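Dock the two chains into a complex; use the hints.
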Amino acid sequence: MGVRKTIYWFFVPGLLLYLTFFIYPTLKGLYYSFTDWDGMSETLNFVGLRNYVNVAENTIFHKALFNNLKFMFSVVIVQTLVSLVLALLLVRNTKVNIGLRALYFFPTILSSAAVGFIGTYLYDPNSGLLNAVLNQIGLSFLSNNWLGDPSIAIYSVAGIQAWAHIGQMIILFVAGLHGIPEELNEAPRLDGGNRWQIFRFVTWPLLAPAATLVIAYTTIQSFKAFDLIYVMTRGGPSYSTEILSTYIYSAAFQNYNFGHASAASIYFLAIIALVTFVQFKALRSDKLPN
Amino acid sequence: MVSRILRKLLLLMYAIIILLPLLMVAAATMKNQQQFYMNPLGLPSSFSLENYRNLFVDQPMIAYFSNSIIVSFTAVLLLLILASLISFGLYRLSNKFAKAILVLFVVGLMVPSQVNMIPIYSFLRDMGLTNSRTGLILVTISLFMPLSVFMISGFMKSLPREVFESASIDGAGEGRMYMQIAIPLAVPYLAATATFLFVSVWNDLLFPLLLITDKSKMTLPLALLQFQGEYSTNYPGLLTGVVIISLPMLFMFLFLQRFFISGITAGSLKG
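The listed protein sequences derive, respectively, from chains A and B.
Start counting the first sequence at 1; every next residue gets the next number (full-length UniProt numbering).
Start counting the second sequence at 1; every next residue gets the next number (full-length UniProt numbering).
Excised from the complex, chain B in its bound form (with noise of 0.2 Å):
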């Protein structure tokens, strides 16, 4: 009876720490700068949206949104194609190349990107391509690309081989084992592996920091970083970015919950 009433309140106790900054943090974007600093802890005395108007008005909101969603749809795309065409090489060749592959993965995988973000800078900026989306995109690409290869082909490897030994002997040519066998085969993997590496791109703030300096070109979690030098002594007004930024993200947790979860673990196991 007590070990339940513990159990219950620890519960309890940590619903509460998860929640109640996230909650705190929505009533803030309701509140003038006034409330905020009389009154940080009370409930908005209306529930204004003000906050969300003047950053639609003050910043480019559209073209931030645009840039996130551009890039990482783009990103995730190509991904999961180029990916899972080389996880799909590599177990139908299973030989000295596809190791060799292999390793090269591996390297991709130990290297933080903190370490190569000088040169892959210096790299772009020697092509042109810093303050590009397409620039932002094809290094994101090349980042990812290790993890997901792991992840694709960690899936690829428990399809039966003699499935593809009949289908070749049937005169399939291995386009055709791709696209008709492998890849329906793979559709939920791919979801999963796609909630990751959407996730993951949508936030990324450490490459879209180096690579672009144009508003225009921004993607969210950048800009929310210039509001930080903008709104510096305006908490609601920051904050309500904060909220704009992470609502797309709590929606589509609230639909693909169960993708999120095992795209995120898988993704953590591998990584």
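Bound conformation, chain A alone (with noise of 0.2 Å):
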């Protein structure tokens, strides 16, 4: 009641944008991935369903979805178990443990061009870092060519975004379990129970929503990761590192099939969209966007 009728005023400076320079190219994008556009040409033909067979078909990209997945499941456990523990460990707000949260908060807001740069100096074979104390500590036969072996080059990116991200899962974590009333961790530990008792039947339970909140959040933002690998490997060696975004980002600019590029890119709409509802299925409502 007593809205007036100049609210609607309100709307079009932001909504005139957000249609022109995001839903209009979005639904541009959806129209190309029925053609055989170059991204350059004047001319453009409707193909119906090729770019879609020829992307479904080809192997690079059945490669870059199973590293995707790869990439995923490794950064989700690792970001997942190591917050999980340094947050039971800095739970108690002291001046100590604040300090230490911000500390281990600070590389997330880095660039990720920086972080990129940071984890190829670690990994440089001959000058990096991790080499070095690998070999100080006596345990040179673990020292790797971390970016340069197709077998573990994946990993040793993972590592990175874990790296630069844990920090923030800290923080949502600390969160959750601030959340839980004192007196459910009390009462338990007056009845005799130890330490891993409580955890598993009373802290774990309460603490699922953060933790899924966490996995969820770190999910997608793993399954969208493109600038790290775009900075420390392209995707190469021989496309042991090719995630779905490098493989969009090459087949279009370097490759210059606007077309193929497109239909990639609606696939891994579908994908994210898929993964997106399982998640929101899993999340309590009272943790969806409102």
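Take the hints with a grain of salt, since some may be wrong.
Keeping only pairs whose Cα atoms sit at most 20 Å apart, straight-line, the calculated DMTMM-like set for lysine to aspartate or glutamate is [stated by the list, open to error]:
1) A:K63 x A:D149
2) A:K28 x B:D126
3) A:K70 x A:D149
4) A:K5 x B:E165
5) A:K28 x A:E42
6) B:K215 x B:D58
7) A:K28 x A:D38
8) B:K215 x B:E230
9) A:K5 x B:D170
Just so you know, the hints here were simulated from the structure itself, not pulled from any lab data.
Owing to the predicted nature of the structure, the values given are computational and were not obtained by experimental measurement.
In structure tokens, the structure reads:
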């Protein structure tokens, strides 16, 4: 009641920009996916579902999808476990803990370009920090060509992705832990429960919403990764770190096959939507964007 | 007792995992190439800022900085204004129209930028807006609009409706309610949203990479990527670039830690 018509003007400038530079191009991308456009020429032909068939049959696309899953699972596992353990250790709001949380959080605010170069330097087989440390502490048999060896390169990048984002997940877990009433931890302790039992039967079930949130966010974030791969490996060596986003990027801007790249990006969107849908189902309704 | 030591040990170990790479990067920027390759783990023999000087001499660093500052500040300021207007409109209307608009933004939240990067690039090229900061700013605003609207309207929802009803009865127009009631109340939320957006825009790589090719228009992360080609065998030079683009964030983080952490956390909850 009492809302004046002038309120509709509040939407105009923002919506105009959003429709022009977001919604319209997104729909245009859907259109390109049915054409043979190379991104340059004046003419483009409608080719029906040919791009979709080509993408679906492309072995590098398969590899990219598989790498995407490898990357996602390793980031999710490492990031969730490490941040959970650290959050449990840092749950109390002492000065030291707050300081450590801030320190651990810091890499989150670095540009992924900067993080990518830090990673490249760490993993350099000759002058990198990781091999130097391994040699120094007598574990030189573990030293490796971290980004040059196709069998491990994707995990090396995943390690840097986790390094950069664990601090953010610690904050989410700590917030979840702070939401658990103190009495619920006190009572079982008085009843003689050990730490593991308290964690297993009291803390963990109550932490489930925070854990779901962390896992959901990390899944989407790592599935959409682009910058780190682009900076550190460009998808190589021999496509071992090619993921969907780098596949789309090189199809469009290196091979100038906009139609093919657009079809691949529609597949990408469908996969992301599927993953998101499954997770929204798993999440509690109060954690959904409102 | 044992568990307390174990706890401290774990925390210390992780602090080393975070700090050691950062400190080694900082140390590398003070070494010349010979020192760096001869003794990658050692401390720099003297604290030479030669690499920093070289970078500012060889590269248009001032231009990179001003581009990043112009793009980030303009985009964030406009995002706050446009998204708060929309959020206020959604809050006031809460009818079918508002629901439809919300759906339009939910769609935007679901579409990753890798999906529309191709049509956005070709659209901007057709408009003659590639290689321009204006084009980059317009795209950035549009990309972050859904998230900004969600973050700000999440707060607006919590405002008591009675305040606006009585203001309306007293004859206040929508514009006055927005300026004099909604915005002042929203300041802390706008600040958290602003830090989140600022970090995201300042650090963005993908769209500058797509849209900007002129050195004079590049933002810092994109410029850093250029150094990769130019300094391919010069790690100290490359890492100096890493430190230079990270320093502004480090200082802001030291002063605005709370906003950073709450903003980024809120951003990740909604995103």
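Status of each hint after checking the structure:
no.: 1; hint: A:K63 x A:D149; in the structure: holds, 16 Å
no.: 2; hint: A:K28 x B:D126; in the structure: holds, 13 Å
no.: 3; hint: A:K70 x A:D149; in the structure: holds, 16 Å
no.: 4; hint: A:K5 x B:E165; in the structure: holds, 15 Å
no.: 5; hint: A:K28 x A:E42; in the structure: holds, 15 Å
no.: 6; hint: B:K215 x B:D58; in the structure: holds, 12 Å
no.: 7; hint: A:K28 x A:D38; in the structure: holds, 14 Å
no.: 8; hint: B:K215 x B:E230; in the structure: holds, 13 Å
no.: 9; hint: A:K5 x B:D170; in the structure: holds, 17 Å
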